[in-house]
Structures are given as C-alpha cells and as structure tokens.
Amino acid sequence: MDEADAKSLKRLFERAIALPVAERDAFLDEACSDNPEVQAELASLLAAADDADPFFASLANAALSLPPWPGDQALDAAWQADDIQADDEPDPLIGSSVRQYVIHEKLGRGGMGVVYRAYDTSLDRTVALKFLPPYLSADDSATERFLVEARAAASLDHPNVCNVHEIGESEKGERFIAMAYYEGETLKQKIERGPLPIDEALDYACQIGAGLDAAHEHGIIHRDIKPGNVIVTPDGTAKVLDFGLAKLADVSLTGTGVRLGTIGYMSPEHVRGESLDQRADLWSLGVVLYEMLTGQLPFKGRPTAVVVHSILHEQPMRPSALRDEIPPELEAILGRLLAKDPRRRPANSEILDCHVTAGAEASAETATVSRWSRLRSWRGVVGLGSLIVAAMATWWVTTQTGGAIPPVEDKSVAVLPFVSLGEEPGNDFFSAGVTSEIINHLARVGDLTVISRTSVKQYTDTEKPLQQIAQELGVATIVEGDVLQIGDRVRVNAQLIRAGTDRQLWADQYEARVTDVFEIQSEIAQRIAAALRATLSPAVLEEIERRPTDNLEAYGYYLRAADYDESGQLEAPNRESLALLERAIELDPEFADAWALLSEHHSRMYLYYWDRSPERLARAESTAREAVRLQPDLGQAHRALGFYYYWGLGDYESALEHFGTAVTRIPGDAMLHLGIAAVYRRQARWSESLASYERAVELNPGTSQYPFQLALTQSLVRNYPEANRNLDQALRLNPDDPYSYWQKTRVYVLWRGDTQAAGAALDTLYSRPGLGDALEGEGGYLRWWVLLLERRYWDALSFLNTSQVDRYENQFFVVPKAQLFAQLYGLMGQPDLAVAYFDSARVMIETALREAPDDPRLHSALGTAYAGLGRRDEAVREAELGVELQPVESDALKWLQRVDDLARVYATVGEYDAATDRLDYLLSHPAEISVPLLRLDPTWDPLRDHPDFQALLERYAPAE
Amino acid sequence: MAKSGLNDSRASTVTRLLAEVREGNHSAFDELVPLVYEELKGLAHAQRDVWHGDETLDTTALTHEAYLKLAGRAQLDWESRAHFRSIAARAMRQILIDYARAKHTQKRGGERVRMSLDDLEIADPHAAPEHDPAVAQAAALIALDASLERLKGRDARQSRIVECRFFGGMTIEETAAAIGVATVTVERDWAMAKAWLYRDIRESLADKGGVELWMKPTPNR
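Chains L and D are the protein sequences, given in the same order.
Throughout the first sequence, residue numbering follows our numbering, covering 1 to 960 in sequence.
Throughout the second sequence, residue numbering follows our numbering, covering 961 to 1181 in sequence.
Keep in mind that the hints were calculated from the coordinates and are not lab data.
One thing to keep in mind: the hints can contain errors.
What the hints assert, rightly or not - Computed from the model, here is a short list of chain D residues facing chain L with C-beta under 7 Å:
no. : residue
1   : Ala979
2   : Ala1100
3   : Val1144
4   : Tyr1158
Claimed, not checked - Below, in silico cross-link-like pairs of lysine-lysine (BS3-like), each with a Cα-Cα straight-line distance of 27 Å or less:
no. : chain 1 : residue 1 : chain 2 : residue 2
5   : L       : Lys464    : L       : Lys411
6   : L       : Lys300    : L       : Lys188
7   : L       : Lys7      : D       : Lys1112
8   : L       : Lys106    : L       : Lys188
9   : L       : Lys10     : D       : Lys1112
10  : L       : Lys411    : L       : Lys10
We put the beta carbon where it would ideally sit given N, CA and C, even for glycine.
Please build the complete structure, drawing on both the sequences and the hints.
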C-alpha cells in the first residue's frame, strides 16, 4: 500500500466510521471500487473498531489495577480494611447528646459523613445532624475557607434547598451540620424502583434546577448533584442537600482539589480536575434527569476508568432508544445539559422551561401537567421555542441498526456566514474565510446543491428565522456557526439544521491553531456532506483535504479578492482585487487558486473592453495555465482557462472543454454553471443554456446577475412571464442594476407591446442616482427606442438633443446618434434632413471601419446608413456582409442581431420578400423579436400591407 | 520559598528543552523523557491515590505536580504544558509497562512466557475469574506496548497520539497542541489507531498461537 493509499485509507476510515454500521459496506463498495486493497483493509479495520473501545477500556482497567508499586500490597490491604470496618462499627453516638441535640438514630452514611436523626431540645424540633468526617474537622485555613462557602450555602432560603440551621462544633471538636429533617425518601430510592413517569421526572428536574439556580446566583456551586443528595418530601417537593460540601471535602482530603464525589454524575471538567463553575452542576442535573427518565446512567460501567473514559469521550445512548415516549425536545434538553464542553451548556436551568414555580407552594400536579403538555406541544411548532431546541440539540449514540435521523432527501444546503465572536481585528475576515472555504468544499460534492457565497453574504448577522432564510434561498438545510480567534488559536462551532423541522442534523466544535484552520474547514465540510448522505469520491476527498496555501497572509489577500462580487461588471473593484491576487502570488507563488482567480480578472478586463491589449489577453492565458500546472486537478484552474477561451478568444469549444473538466471537480460552483450557460447561449444551444442558467440560479439565488442572465435567455425563447419574474427578482436583490431595468423595458415591449410599462421601467432607471450615467453609452438608445415605438418623434428628438454622446454602442451594435436623428426626420416627413443625418452617420461609420474593417456591427450599421441614403445595392451588400462576418457559430446572439439588421435594411430598400423571409426565420427561432414589437415598430410600416407580413403577424401572434 | 541552585538549574534545563520541543527538536523530547520518568515514578509512589482502582488513568494531577517540580516557577504557555504532558505520557507508558513486566515476572517466575489470546480476553477481571486477572492484565498491557511499537513503524503520529490519550490521559485538544496537528486529525487518528492496535494485538496472538514475550525484571533506571 503506497502513501496515497494510506492517505485515502485514513480519509475513508473517518467517513465510514461515522456511518451507521448497516451503511458501511455500501459506502466501501462505492468509495473504493477502484482499489480492492484499500477496501479490504478498511473493512477489517472497521470491524475491529467496534470492539476496540471496550478493549481499551479494559486495558485502562488493567493499567489501573496494577498495584502502584511492588511492595505496596500491605498498604493496599490496609486501605481496603479501613473501608469495610466503618460500617460494622457499633455507633456510640446513638442516645447521646451533642450540645442541644439528642441523637436518636443513624439515617445513613455518605462520603460527606454520617447523618443522624436528632432532636433539638432548645427549639423543640426534629433535625438531621450530619457529622463531617474527622479529616474535615482539621482546623486549617483551607477548611475554614470552604466552611465559609458551606455557611453561605446554609444561608440560602429556597424551597428546593435543604434548610441548614447551623454549622457547629461538638464539645469534642467534631464539626457537624444541623439541618431540617424531612420526611420522605431520596431520589435515589425512587429511581431504584425504576424509571419515573416523564411528568414526574421533569418536575423534580425543574425543582432541582430551581434550587441550583438560586445557589448559583449566590456564587455557590454544589459539585455533587446526584439522586442521593435530593430528598423528595411526601408533597412532592425536592430538596437538594449538601451544598458546598463537596469542595470542602476535596480540598481537605488531597490538598490539590483532586476530585471526590460520585463519578457517574461528574462532568468532564470535574473528572479532569479542572476548576468548576455552575455548569458542572447543570451537567450533573442532566445526568440525574437522564437517569430518572431511563432508569440508567448515561455514562456507566465498571470499573471507574470505564466511566471516566465514557464521560470524557463518549456520547450516551439516545434516551428515546431506551424509552420511546421521550420526545425529541426533551432529548434536546438532555443533550444540551450533557454537552462535554461546559461552554456549550446552558448557564441555568431555564431550558427546562420551568415557568411554573416549582416547589411546595405550587400544586405539583398542575405544574407538571402544564409543563409536560407544553413540551409536547413544541412538536411541529415553528417558532422561537423550537429554534432554541434546535440550537441546543446534540448528538446521541444510536442503536446499531440505524441512524437516529432519517436521511435527507433534499440535499440542498446554505452555509450562513459564520458569526465572528472575536474582538481581535482580523477575526471577521477569518470567519468570512471559514464560511467561504466550507462553501467551496461543498461545491465540490456532486450530490449537493450548495448556495454560493455571494448569495449568503446578505445573511451576515441576520435576525431572520432560519425557516425564512431557507425559503428565500430555496434550501432544505442550513449550516450556521461561529468563529473565535484568540492569538494563534481558533475555535469553530458549526451545526447543520433541517429548516423544515428545526432539527439539528449535526453539530460539533473544533479547536486548533490558526494555521490548522484548513483542516477544520475540510472536516466541517465532510461532516456536513456525510450528514446529508452525499457521496464523496476519493478524488473529491483529496481535493477537500488539500491546503490551498501554507501562507496565511497570501490566503488573506486571496479571500479579500474573492470577495469581489463574482458577477461584478465594474472596472475599479476588478482592478483592486487583481492587485490583491498579485500580492497573494508574490507571497506564495505556488498558490494555484490565486493564479486561477487572477486569470479570470485578466479575462474580465479584456471582455469588458477595460483593457483590450494583446498583453492582457496573454496574461489571462499564462496565469490560468500556471494554475493548471500547479494543480492539474483544480476545478477553479480549469474554470479560469474556460473563461479565458470564452471571454478572451470566443473559442466556445475549448471553453466548454475546460468547463467540462471543471464541472467534474466543482459541480456545485455557481460561477462555473453561469459560464457554461453563457457559452451555450452563444452557441444557440438554448435548452442546454436554460438548464445551466437554472442550475446557476439555484446555486446562487441571491446575486442579481444570476436571475438577470436567466431572464435574458428566457426573453430570447419568449418566456416573457418568467423573464419578467426573474428580472423583478434581480431588482429586488440589486435595485441599482441598470441592465435589469434595461431588459425589463425590452420585455414589456416584446411581451405585450406595453410601451407604457417599458417607459415606466426606464423612468425608474433614470430616477436612481448614477444609473442613467452608468448606461450613458448605450442606454440612450433604449430611451429613443421606446419613444420611437410610441411614435413620439418630437420627444425622441428632444431626448437625443440632451444626450451627450455621439454614438451608442455595446457588444451587439454601434449606432451613431446621427442615424437616430435621420430615422426620426424620415418618419416626420423631412427627407432632406433625414438624408443629411444618414450621411453624417455613414461618414462616422466608414471612419470607424478603417480602424476595424472586420467589425460586423459596423458593416450592419453602414448598410442601414446606405439604405437611408437610398443606396440600395451597397446597403444590401454591407448588411449581408455584417451577417457573413458574424456566422451563427461564432456567436448566436450577435448573429441574431445582424440578421435583424439585415431584415430592416431589406424592408427599407423595398426587398419585402427578403425582409419577411428573415423575419419568418427570426420569429420561428429564439430571438429578441416578437409580434407585439413588430406591430409597433415604424421600421416595418412599409411592409404592413404585404400579405406575407400580415400572415407572419397572424402565425406568430402570441396565444391569448 | 527558597529553591536550591540545583533545582534552579534543572528547571532551566527543562524549560530550555521544552522550548526546543516546541521548535520541533525531537531529541529534546527524548532527553526530557528520563527526567520526567524519574520524577513521575517518585510521585506515583508517594501519591498512591492516583493508582487506586476507584480512580482513573487520569494522570493530570500527577503530571501537573511533576511539571511544577521540574519546570519550577517558569511560566510556560499552554502549548508548552501540552508538550510537557506528552512527554509525561511517554514516561507514564514506560512506568506502567515496567509495572506490568514486574507483575508478570513476579507471577511467572521471570521465565520466558507465552501469552495467549485467552490471556487477552480475560484482561477484564470480571470475565474469567478462574484465571489470575493480574497476570492477564499485565500481559495485555505488554501486548499493547509491543503493538504500539509496530504502529510507530507504520504511523509514528498515531502511536504518539495513543501515548498521549491513553497513557497521558490527555484531552483531544491537549494532544493536538502537543503534537501540532488539528483536533480533527487527533480524533480521526485516535479512532483509527485504536482499531488498528486492537486488530494487531488480536492477530499477533491468534495467528502465532500466542506471542513470545521476554519477561525481564524491572529495568534499573
């Protein structure tokens, strides 16, 4: 087995071990189909893994049972004997008096001493007297210090805290505690008879919680909550005993705070001997509740080492697996109380939802009934309550027969921006990086639909309910989390939630050095994929586990550059992020992702005519090739190469080839699907284009560019209602996107010939600051166009007079302003003026053609000018040349524009048959032309009486 | 509290070596192990509580004390403490295996013994009362030690993780800090190493019908 095999073995082991046993074989079959050696090894290891834990527990036991030192056996025996003797000893205290107390009987004996029932002769009442073990009576400062706390606890006045009368000292110097004597039995005795009714268990938990909360408010921690320390009186009131004693004992016994207490109820931090706060008590409360409900401890076993191992490292058996009437909400509460990390635990018992005052003064019956029914009513309720539950849930060990959580059918997920918890500068950037990298990883997984980064950015620090977010993004599940960076360490919490039910599917916390953040990101991505039951091929796993760079500073520049809206069409931010990427590459010349992104920025510079130099194009290519050289498998590198071929060279076949390679690596990458869809559109592969655009929008529904591009294609295939809907969506996402208004204007005309709505859309565009200016070079044409269709020639003239440019131009057309004047004067019955302006247009275009003799746009424009000048043959020749120079396979969109121009020229020069032929073609194919438009456009007035033209209008009239 | 000059110089040695461990110098690690071994052995002897069966293999308090004694008052950061604990884990492994060998030798008279699969299965004293559980348990630990050496040859990181987790009682986070990998890596390697070790121990015992272990007296250190 070579190194690569060993590596993939580790990855696959990790994946497989997380799966239910029943699903592992299928996973192995799928994941290692190409490597039987790895598969066999994996199967064998997985089989061993199930037995390994008990084996190691027994080994720990073996280590512990070794006598501490050869020759220490004598000491051992003495220790044992000591223990046994204690119980057989006749008790000389019974019948005697200690101060004002007459001792009647021994009630019990615990780690904290012996308890007697006694009679207080001065106050005429029965009390419980607890004598502390002799070692606690030693008069040293540490004991004194903690007696202070015990006294503070004694002063607590709460119905659920045992009432302590005094902490005193006998005539012989023995310390004792005099407390209220309660009839009843301990919770321990109750549990020994079997699990309690759920109502009752919850009631006791609430009462214990209330007592704990009261103590915690005074800074008193119990440290030894267990059923034996809770007395339930006949009226159902729970009284918590022995506050503050556990620590007293700890310190006195060992001097170091080594733990004492009852191991099964101890929190992980207690077991580890760390300092405790009130959340340790909440853990213990969780254990007690678990035990009341199921009749067994969540962490159990023999000997102690096994329990300790279990407390520290294992998840308890799912409570509902032991008792199926336990509702998920209650499981969630237990899970929260039993969080290994105290920071994940609640700070008080409020989550038990004990709104009804627990205790003697409230009727126990009503309290429990209402509480229980409230708990039950949480099921299916969408609201704050269930959200809290979702956030609280943890995971449980389930029986081997199946997963606890039914598989997710809809594998769509949105990763919300991780909340930045740190104060340090850079923490925000860090959490943004974590979010974006997890998204990138998940985008590599074919089965998943992962919402892209630009779409989730809007939910940074959002207050919106998860359900609403899920609905807006069209996903079934949501990932949320937080990031805390302190110095060179980082902690990441993440959870996956099914939006419909608010059920938590997975959650975990990670802590590592900052430099290991990539591993955390890849780990989280893998866990999410696993929780969604998505299949990860070994290649994908490899890619997910790859560190993009070892240089965190370079990575920082890269992330900031990636933050540039990928749909962006503005020059300044593109140049900025280009500079950032160059910095990143300077720091790490092997940073393939940065090379790839840099290439796309160069290509974009070229595409949008910001820099059309051959050097720019060469850089776009060389940077993409460098990315491929460094990481031949990197999806982003092939995506960059694809865009270079598409944007830079217009070489669709090569572009699709590289996009195709990329799509096998990053199938969930929205930008990639946008590129593929655009290429298909240029190739007139309309249905494929539509499908790709729809996929792109699904992956990135929150960025205006995506629904906008889809709407463009839908306009071409005359699905105007959908186009309009997507444009509205684009404008909701970005009300300042001039092109969405542009297209909306056109759609209103094409759809219903509604020039009024079209004009209104334009008015909105021009009412927004800066938008009209942004479109100055081409938008003026649109305003003229709508006024022309409305036959408001005077208005159109005055508009042209206010417009500052002398020609309108984009990648599809070049129109000198003179030509627009000319058309208007022609229509207004002023042929002399029209000819004069057409001639100005001709001169301007001929001048431009000397610079770019093969520009099809210019040849079409020249044809139009000649037609206006009545130069019939030249007009037809130029317009036909425009079509020839732009063959359909070079760019279907531009070709369609040239055919449209040609049809106009034919109509103008009186070639009616040729004109209707072209119109017939355009109407029968996807194109931005429609019957409602033809009815309005004065260009076609010469054809209106032509029977073929009328037939066209009838044939292609939209169905009502 | 006054400290002797000797202690001070030892503390500075330990501090320096720990700093080198942090820099990735592995020979510094090896140099520290015997120092820590001696200290831990003494402490383990004195603090018998730690070894009592009712407690655990949690060596936190023990290593903490060893650390205080060795490193003195030097305030080291969290990571260096984690490194220290990983060194203590190695020392603890040696101490325990020494105990186990001593135990085994004591019962079997210092002979070459064959350990069988049965020995292993009865490592749990409750499982097979007719065997001497002490011998079986000692044998199981010795087998673990041998298997851990084999694992080290295949995947040194996994074997260190087992040392930290099992013998050092270190948390995932501490182990991650000591070894210098992410917690997720520790979790994965820990799970996989346990499976591998279990299988290896079983196989080595089953295939050969028992594995030969040379039982020698507690090494004189």
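Taking the hints in turn, this is what the structure says about them:
1. Ala979: Given a least distance of 16 Å, the restraint on Ala979 of chain D is violated.
2. Ala1100: holds, 5 Å
3. Val1144: holds, 4 Å
4. Tyr1158: Holds - the Cβ of Tyr1158 of chain D comes within 7 Å of chain L, reaching about 4 Å at its closest.
5. L:Lys464 <-> L:Lys411: Holds. Lys464 of chain L to Lys411 of chain L sits at ~22 Å (cutoff 27 Å).
6. L:Lys300 <-> L:Lys188: Given pair Lys300 of chain L, Lys188 of chain L holds - Cα atoms ~16 Å apart, limit 27 Å.
7. L:Lys7 <-> D:Lys1112: Answer holds: Lys7 of chain L to Lys1112 of chain D is near 16 Å, not above 27 Å.
8. L:Lys106 <-> L:Lys188: holds, 18 Å
9. L:Lys10 <-> D:Lys1112: Holds, at roughly 16 Å.
10. L:Lys411 <-> L:Lys10: Roughly 25 Å between the alpha carbons, so the hint for Lys411 of chain L and Lys10 of chain L holds.
Figure legend: structure checked against the earlier numbered hints; the only hint not met is number 1.
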